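J.: One-letter residues, chain by chain:
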Amino acid sequence: MAAVRTSSEVAFNRAAIVAVLVVTIIFLAPIYWIASTAFKPRNLATTIPPTVVFQPEISPFVKLFTKRSQLRSPPTPEEYAAAPWWERVVFDGGEKIVRDGKGAVQWSGYPNRFMNSLIVAITSTVLAVGMGTFTAYGFSRFKVKGEADLLFFILSTRMLPPVVVAIPMFLMYRAVGLNDSHLGLIILYTAFNLSFSVWLMKGFIDEIPKEYEEAALVDGYTRMEAFFKIVLPEAATGIAATAVFCFITAWNEYAFALIMTNRRAQTAPPFIPSQVGSGLPDWTVIAAGTFLFLLPVAIFTFLLRNHLLRGMSFGAIRK
Amino acid sequence: MTKIELRGVQKFFGAVQVIKDLNLKIDDNEFIVLLGQSGCGKTTTLRAIAGLETIDQGDILIDGKPVQQLKAADRDIAMVFQSFSLYPHMNVYENIAFPLRATRKSRSEIDTEVRSVAKTLQITDLLTKKPSALSGGDMQRVAIGRALVRRPKAMLMDEPIGALDAKLREEMRAEIKRLHIKQGSTSIYVTHDQIEAMSLADRIVIMHEGVLQQVGTPDEVYSHPANLFVAQFVGSPVMNVAEAKVAETGSAASVTVGNAAAGFEFPRALLSKLNGHAGGQLTLGIRPEGVLVRREATDGFLPVETQIVEPLGSFDIVDLKVGSNMLRARTKSGFISGAGEKVYARIDPSQAHFFDAASGKSLGVRL
Numbered sequence: 000m001a002a003v004r005t006s007s008e009v010a011f012n013r014a015a016i017v018a019v020l021v022v023t024i025i026f027l028a029p030i031y032w033i034a035s036t037a038f039k040p041r042n043l044a045t046t047i048p049p050t051v052v053f054q055p056e057i058s059p060f061v062k063l064f065t066k067r068s069q070l071r072s073p074p075t076p077e078e079y080a081a082a083p084w085w086e087r088v089v090f091d092g093g094e095k096i097v098r099d100g101k102g103a104v105q106w107s108g109y110p111n112r113f114m115n116s117l118i119v120a121i122t123s124t125v126l127a128v129g130m131g132t133f134t135a136y137g138f139s140r141f142k143v144k145g146e147a148d149l150l151f152f153i154l155s156t157r158m159l160p161p162v163v164v165a166i167p168m169f170l171m172y173r174a175v176g177l178n179d180s181h182l183g184l185i186i187l188y189t190a191f192n193l194s195f196s197v198w199l200m201k202g203f204i205d206e207i208p209k210e211y212e213e214a215a216l217v218d219g220y221t222r223m224e225a226f227f228k229i230v231l232p233e234a235a236t237g238i239a240a241t242a243v244f245c246f247i248t249a250w251n252e253y254a255f256a257l258i259m260t261n262r263r264a265q266t267a268p269p270f271i272p273s274q275v276g277s278g279l280p281d282w283t284v285i286a287a288g289t290f291l292f293l294l295p296v297a298i299f300t301f302l303l304r305n306h307l308l309r310g311m312s313f314g315a316i317r318k
Numbered sequence: 000m001t002k003i004e005l006r007g008v009q010k011f012f013g014a015v016q017v018i019k020d021l022n023l024k025i026d027d028n029e030f031i032v033l034l035g036q037s038g039c040g041k042t043t044t045l046r047a048i049a050g051l052e053t054i055d056q057g058d059i060l061i062d063g064k065p066v067q068q069l070k071a072a073d074r075d076i077a078m079v080f081q082s083f084s085l086y087p088h089m090n091v092y093e094n095i096a097f098p099l100r101a102t103r104k105s106r107s108e109i110d111t112e113v114r115s116v117a118k119t120l121q122i123t124d125l126l127t128k129k130p131s132a133l134s135g136g137d138m139q140r141v142a143i144g145r146a147l148v149r150r151p152k153a154m155l156m157d158e159p160i161g162a163l164d165a166k167l168r169e170e171m172r173a174e175i176k177r178l179h180i181k182q183g184s185t186s187i188y189v190t191h192d193q194i195e196a197m198s199l200a201d202r203i204v205i206m207h208e209g210v211l212q213q214v215g216t217p218d219e220v221y222s223h224p225a226n227l228f229v230a231q232f233v234g235s236p237v238m239n240v241a242e243a244k245v246a247e248t249g250s251a252a253s254v255t256v257g258n259a260a261a262g263f264e265f266p267r268a269l270l271s272k273l274n275g276h277a278g279g280q281l282t283l284g285i286r287p288e289g290v291l292v293r294r295e296a297t298d299g300f301l302p303v304e305t306q307i308v309e310p311l312g313s314f315d316i317v318d319l320k321v322g323s324n325m326l327r328a329r330t331k332s333g334f335i336s337g338a339g340e341k342v343y344a345r346i347d348p349s350q351a352h353f354f355d356a357a358s359g360k361s362l363g364v365r366l
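Line order of the protein sequences matches chains F and L. So for the first sequence, numbering that gives the first Met the number 0 puts the first residue at 0; every next one is plus one. So for the second sequence, numbering that gives the first Met the number 0 puts the first residue at 0; every next one is plus one.
Careful: at least some of the hints might be erroneous.
Pulled from the structure, derived: some chain L residues nowhere near chain F, Cβ distances all over 12 Å [to be verified]:
| id | residue |
| --- | --- |
| 1 | GLN9 |
| 2 | ASN94 |
| 3 | LYS176 |
| 4 | ASP298 |
Derived BS3-like pairs (lysine-lysine); straight-line CA-CA distance at most 30 Å [claimed, not checked]:
| id | chain 1 | residue 1 | chain 2 | residue 2 |
| --- | --- | --- | --- | --- |
| 5 | F | LYS209 | L | LYS104 |
| 6 | L | LYS19 | L | LYS64 |
| 7 | F | LYS209 | L | LYS331 |
| 8 | L | LYS152 | F | LYS209 |
| 9 | L | LYS24 | L | LYS2 |
| 10 | F | LYS209 | L | LYS341 |
| 11 | L | LYS19 | F | LYS144 |
| 12 | L | LYS176 | F | LYS209 |
| 13 | F | LYS142 | L | LYS70 |
| 14 | L | LYS129 | L | LYS24 |
| 15 | L | LYS331 | L | LYS341 |
| 16 | L | LYS70 | F | LYS144 |
| 17 | L | LYS104 | L | LYS118 |
| 18 | F | LYS209 | L | LYS2 |
| 19 | L | LYS272 | L | LYS341 |
| 20 | F | LYS209 | L | LYS129 |
| 21 | L | LYS181 | L | LYS152 |
| 22 | L | LYS128 | F | LYS142 |
| 23 | F | LYS209 | L | LYS128 |
| 24 | F | LYS142 | L | LYS19 |
Chain L residues, not near chain F, derived (Cβ > 12 Å throughout) [said to hold, decoys possible]:
| id | residue |
| --- | --- |
| 25 | GLU4 |
| 26 | HIS88 |
| 27 | SER107 |
| 28 | HIS207 |
| 29 | SER349 |
Hints were generated in silico from the structure; no laboratory data involved. This one's a predicted model, so the numbers in the text were calculated from it and none came from an experiment. The beta carbon of each residue, even a glycine, is placed where N, CA and C say it ideally should be.
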């Protein structure tokens, strides 16, 4: 590479940096908005112009996790003094936390919905990536009759917008009793992600030289053992990338979750905006729910970042 | 004690027959080299023995037992791949231990054996490294170590040093030979490099287009090639091959190359040894060292003109124009100064080979 750069190259580089910064800000702005609103006092959430500098509060999160009702009269000083700090925060907002007959705090619907999201997203991701990897291995390593047609068929399941089949799916699910069940959503999301997972994993497995497995076969292992001991570790990068995509799809899915579930198996995406409907919308609580909802994907992607960024391992095979 | 035998082995890839009726017996402790151009079926043969490729017909016997139905894992054979195929996610120790972990050996037994193999191959200090951190030669040592550690019935090697540079290849060649002498396991080695084949093999198996051409010791295939293919494939520089006519000239025989004006003098015994083929279409084969060159006129030498001189260090290869043909001769370096010189040449009858021009088969003439 030439060490000398022309002034037009320098100018282009600077322009590119500015463009990247602008795009980054545009993409980060909504996330900042949600994150900052999640820590705002209620009265600052909807000010015009938006409040940028404020004293952050934890109250939206307390409200997010608890069932509350409007205070008819302010709490007595004794009540206020006896309440723990998180209950006082709610008192300050003109509400009180609902307790049952034994005085135990009533939880809001959010923790359950969040758990449902985790259960459905994790299970469907494991299933889609697992089955996708096996299928991709089969297509990659064995002669399959009509391979191209089958692969096209698998891909074709992605060709129509899923919501088109929402009504028939809903009727089918109701007929077999799968509506509002974890299993129903898991099956649905696994089916969505499977085609994607097969195609992505096939690309990764094709890249793994088959000599590795042959070496393992000669070394005294069965094909299954060779698959688990050699192919899977080599495909880790691909599995991680596929898992991230599948997880994000399942985690963020809104339309089917809205139609197919309402209570028992409802996931967070349809629940969070439903809070808007009761009483005056408390945007800080919605922002807090959204903010927490963003975290698992961010953490999952962060944990797998090395696998996502690392290229396939080279150097061990000589071509 | 491992003997391997191939009986009437046939293999098709679709409509293409890649192994045609292959019969071969390999003795215990023997180092066999399968030699041939790429696509001649040598690697397929090796993979069939390993169990990585099914055969369409015939038997593969290891110690007298047919194994063609057995899976690769059950044949107790080790293989070194051209690509080395070291598992990238395991370090050297784990790579070598990998075949042992398939058996029911204890952790301490495995450790002892891995370390002993590493010591033999002088790679003890590499045991904790990942394959990607190794040089080509070291990768190759690890690959051999992984093959040796299980003490397999036979070692199969598919161009194991083909990916290395020339100097390292020479070193590794010597090391493989030393290891074979030390370990003494039956070995089958595939290469397209005839120097590798000559230097390593107890016997060389030469293949061409799926057909076995000749099996013999390096000396046999070099000195007595069974046909024109072997004659031209083995030996460097390549053997001179030319159409030849044999005639009787009083007390001797004369062999005329192509359309040359005069023939080279041969003993009269040639006529009887050609056994009726003398009048037919013949091809003469002579290695460059069998073409003798003098600067001054000598009895029995024909005058020829030099063309290109290729200095190869320890010797020169000189092209001599004989009629419209070119004979390449091996001379001392600097013996011929350049093109256009007039020198005298003859063919050493004891190094001459005669082939049937139509079939390419050697007529087996030894003078």
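J.: Determine for every hint whether it applies to the structure shown.
T.: These are the hints, each one checked on the structure:
no. : hint                  : verdict
1   : GLN9                  : 20 Å, holds
2   : ASN94                 : 9 Å, violated
3   : LYS176                : 22 Å, holds
4   : ASP298                : 56 Å, holds
5   : LYS209(F) / LYS104(L) : 27 Å, holds
6   : LYS19(L) / LYS64(L)   : 22 Å, holds
7   : LYS209(F) / LYS331(L) : 49 Å, violated
8   : LYS152(L) / LYS209(F) : 24 Å, holds
9   : LYS24(L) / LYS2(L)    : 8 Å, holds
10  : LYS209(F) / LYS341(L) : 59 Å, violated
11  : LYS19(L) / LYS144(F)  : 28 Å, holds
12  : LYS176(L) / LYS209(F) : 28 Å, holds
13  : LYS142(F) / LYS70(L)  : 18 Å, holds
14  : LYS129(L) / LYS24(L)  : 39 Å, violated
15  : LYS331(L) / LYS341(L) : 17 Å, holds
16  : LYS70(L) / LYS144(F)  : 23 Å, holds
17  : LYS104(L) / LYS118(L) : 20 Å, holds
18  : LYS209(F) / LYS2(L)   : 29 Å, holds
19  : LYS272(L) / LYS341(L) : 33 Å, violated
20  : LYS209(F) / LYS129(L) : 19 Å, holds
21  : LYS181(L) / LYS152(L) : 15 Å, holds
22  : LYS128(L) / LYS142(F) : 36 Å, violated
23  : LYS209(F) / LYS128(L) : 23 Å, holds
24  : LYS142(F) / LYS19(L)  : 24 Å, holds
25  : GLU4                  : 20 Å, holds
26  : HIS88                 : 4 Å, violated
27  : SER107                : 20 Å, holds
28  : HIS207                : 26 Å, holds
29  : SER349                : 44 Å, holds
Checked against the numbered hints given earlier, the structure breaks hints 2, 7, 10, 14, 19, 22, 26 and satisfies all the rest.
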